[in-house]
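Participant: Just so you know, the protein sequences line up as chains A and B, in that order.
What the first sequence shows, in this note's numbering, is residues 1 to 114, in sequence order.
What the second sequence shows, in this note's numbering, is residues 1 to 112, in sequence order.
Quick caveat, the hints were computed from the structure, so don't treat them as lab data.
Virtual Cβ for every residue (Gly too), placed ideally from N, Cα, C.
Hints are not guaranteed to be accurate.
[To be verified] If we take Cβ atoms under 10 Å as the criterion, some of the chain A residues that face chain B in the derived model are:
| no. | residue |
| --- | --- |
| 1 | Y35 |
| 2 | A92 |
| 3 | N100 |
| 4 | Q103 |
| 5 | F105 |
[Stated by the list, open to error] Here are the computed distance ranges between Cβ atoms for each label pair:
| no. | chain 1 | residue 1 | chain 2 | residue 2 | range |
| --- | --- | --- | --- | --- | --- |
| 6 | A | S22 | B | Y30 | 26 to 34 Å |
| 7 | B | G15 | A | R63 | 46 to 54 Å |
| 8 | A | T14 | B | T23 | 35 to 43 Å |
| 9 | A | P39 | B | T23 | 32 to 40 Å |
| 10 | A | S27 | B | G40 | 23 to 31 Å |
| 11 | A | S22 | B | G40 | 15 to 23 Å |
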Amino acid sequence: KAGVTQTPRYLIKTRGQQVTLSCSPISGHRSVSWYQQTPGQGLQFLFEYFSETQRNKGNFPGRFSGRQFSNSRSEMNVSTLELGDSALYLCASSLLGRENQPQHFGDGTRLSIL
Amino acid sequence: GQSLEQPSEVTAVEGAIVQINCTYQTSGFYGLSWYQQHDGGAPTFLSYNGLDGLEETGRFSSFLSRSDSYGYLLLQELQMKDSASYFCAVARMADSWGKLQFGAGTQVVVTP
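Generate the whole structure from the sequences, applying the supplied hints.
Facilitator: Here is the structure:
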């Protein structure tokens, strides 16, 4: 069974630009969560999607948004990039997003803002 | 507020046993998970404790005490490949859909 696939693996952008990251979950998984990982703040929850609906949201500004398609694939978008947005963005999928279901993470997209 | 505390680093030799403690303060606690992350890699799920007690999976075991707001991950028969960061993560009843609150991580260094 294929794992969670995130593209691209690496991105370099400049301040003010926008970026779109993609995540393909494990087949059959309907819940997709996004996390930001930085050395200073650790792993922080961004949002979760299930059946094309955002069910949960973390404490990030509105510049961070996402969506989910009917095939459960998900994208996240960051607009007006800031230096502080440099991070590893991780996508995780689970069957239904329940607390006792393992989240399966992709290898992440490493975003660098110049 | 909510917080998760775990040691920043633990060093041990091959074959030894390591215990990583995790204490939490969170309202509406639902369960405690553990994840392993190698440098440059993706976090991988190790275990979940929803009820008090011990869960064993091979060389790894995890324990939870709800009354003490405390859990631990036990790594036995340490191997070099166990050198990684280990995160405890809490799920809360109020907003548990797909959301985990992670601790800062414990770097485990295994020496020959």
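Participant: Take a look at whether the Cβ-Cβ distance between A:T14 and B:T23 falls inside 35 to 43 Å.
Facilitator: holds, 42 Å
Participant: Closer than 10 Å between Cβ atoms is the bar; does A:Y35 clear it against chain B? Give me holds or violated.
Facilitator: holds, 8 Å
Participant: Is the interface hint satisfied for A:N100? The criterion is a beta-carbon contact with chain B at less than 10 Å.
Facilitator: holds, 5 Å
Participant: Should the hint that A:S22 and B:Y30 are 26 to 34 Å apart at their CB atoms be regarded as holding?
Facilitator: About 30 Å separates the Cβ atoms of A:S22 and B:Y30, which means 26 to 34 Å holds.
Participant: Take the shortest C-beta to C-beta distance between A:Q103 and chain B; is it under 10 Å?
Facilitator: holds, 6 Å
Participant: Given a hinted range of 15 to 23 Å, is it respected by the beta-carbon distance of A:S22 and B:G40?
Facilitator: The hinted range 15 to 23 Å holds for A:S22 and B:G40, with Cβ atoms some 20 Å apart.
Participant: Can the hint on A:F105 be confirmed by a CB-to-CB distance to chain B that is less than 10 Å?
Facilitator: holds, 4 Å
Participant: Given A:A92 as an interface hint, is its Cβ closer than 10 Å to any Cβ of chain B?
Facilitator: holds, 8 Å
Participant: Can the suggested window of 46 to 54 Å be confirmed for the beta-carbon pair B:G15 and A:R63?
Facilitator: holds, 49 Å
Participant: Do A:P39 and B:T23 keep their Cβ atoms within the hinted range of 32 to 40 Å?
Facilitator: The hint (32 to 40 Å, Cβ to Cβ) is violated, given that A:P39 and B:T23 are roughly 22 Å apart.
Participant: A:S27 and B:G40, beta-carbon distance inside 23 to 31 Å?
Facilitator: holds, 25 Å
Checked against the numbered hints above, the structure violates only hint 9.
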